[in-house]
Amino acid sequence: GAVVSQHPSRVICKSGTSVKIECRSLDFQATTMFWYRQFPKQSLMLMATSNEGSKATYEQGVEKDKFLINHASLTLSTLTVTSAHPEDSSFYICSAPSSGASYNEQFFGPGTRLTVL
Amino acid sequence: DAKTTQPPSMDCAEGRAANLPCNHSTISGNEYVYWYRQIHSQGPQYIIHGLKNNETNEMASLIITEDRKSSTLILPHATLRDTAVYYCIVKGGAQKLVFGQGTRLTINP
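If you read the protein sequences in the order shown, they are chains L and W.
Everything in the first sequence is counted per my numbering, starting at 1 for the first residue and increasing by one.
Everything in the second sequence is counted per my numbering, starting at 118 for the first residue and increasing by one.
Treat the hints as calculated values from the structure; they're not laboratory data.
Incorrect hints may have been included.
To be verified - Below are the SDA-like pairs computed for lysine to any residue, each with C-alpha atoms no more than 25 Å apart in a straight line:
no., chain 1, residue 1, chain 2, residue 2
1, W, Lys-208, W, Pro-226
2, L, Lys-41, W, Gly-146
3, W, Lys-208, L, Lys-66
4, W, Lys-208, L, Ser-98
5, W, Lys-213, W, Ser-158
6, L, Lys-64, W, Gly-146
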């Protein structure tokens, strides 16, 4: 199947700093990518939809000024957590639908574990 | 909101078939049933999907009831590596994948 990568796999930062997470589709193009957040022992929560060439759309309750999304190309979307605080510590996962599949199967990245001290 | 209901946890002996149920009584005619699983600290992995016919692939089988209000994912010969959280998701077309709480399946030696 198609491959989605994320970088970094884990990051530790100080409170108040900004952290950028990259999501790449390695062998296919993705005009749309999705960003999820997962707290310990909880399910994945959809944060936003990243759209190549246009603004991201955010789910209700997700602060767009805090979680900046840039979909610069057909294979790269970035999520920047601005002024991170300990409560932002979480597992961030991106996904991309395979455009070639009629049923729109989604491929997920391995996740990025963010710890804010 | 998730449109499915799954038991929070299940156990299965290694080598036996694991049958994971899912209720989706409000499913619409154009919505598919998808199954994903998430092994600890990894991204979710696609398993199988179906509309109304039963489906089988190298990983699992999906049995959908005739009224489409429920389905069962079958792992025919469970191994320890199948221990994961299994998510049943109903989605149509370009809709977003919305995850419920899933079923935590533990395969016991």
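Okay, the hints, checked on the actual structure:
1. Taken as a hint, the W/Lys-208 and W/Pro-226 pair is broken in the structure, with Cα atoms around 35 Å apart against an allowance of 25 Å.
2. Under the criterion of a C-alpha separation no larger than 25 Å, the hint pairing L/Lys-41 with W/Gly-146 is inconsistent with the structure, at around 33 Å.
3. A hinted pair counts as satisfied when its Cα atoms are at most 25 Å apart, and W/Lys-208 with L/Lys-66 does not qualify at roughly 29 Å.
4. For the hint pairing W/Lys-208 with L/Ser-98, the CA-to-CA distance comes to about 15 Å; that is within 25 Å, so the pair holds.
5. The hinted pair formed by W/Lys-213 and W/Ser-158 meets the criterion: a straight-line CA distance of about 22 Å does not exceed 25 Å.
6. A hinted pair counts as satisfied when its Cα atoms are at most 25 Å apart, and L/Lys-64 with W/Gly-146 does not qualify at roughly 34 Å.
The structure is inconsistent with the numbered hints 1, 2, 3 and 6, although it conforms to all the rest.
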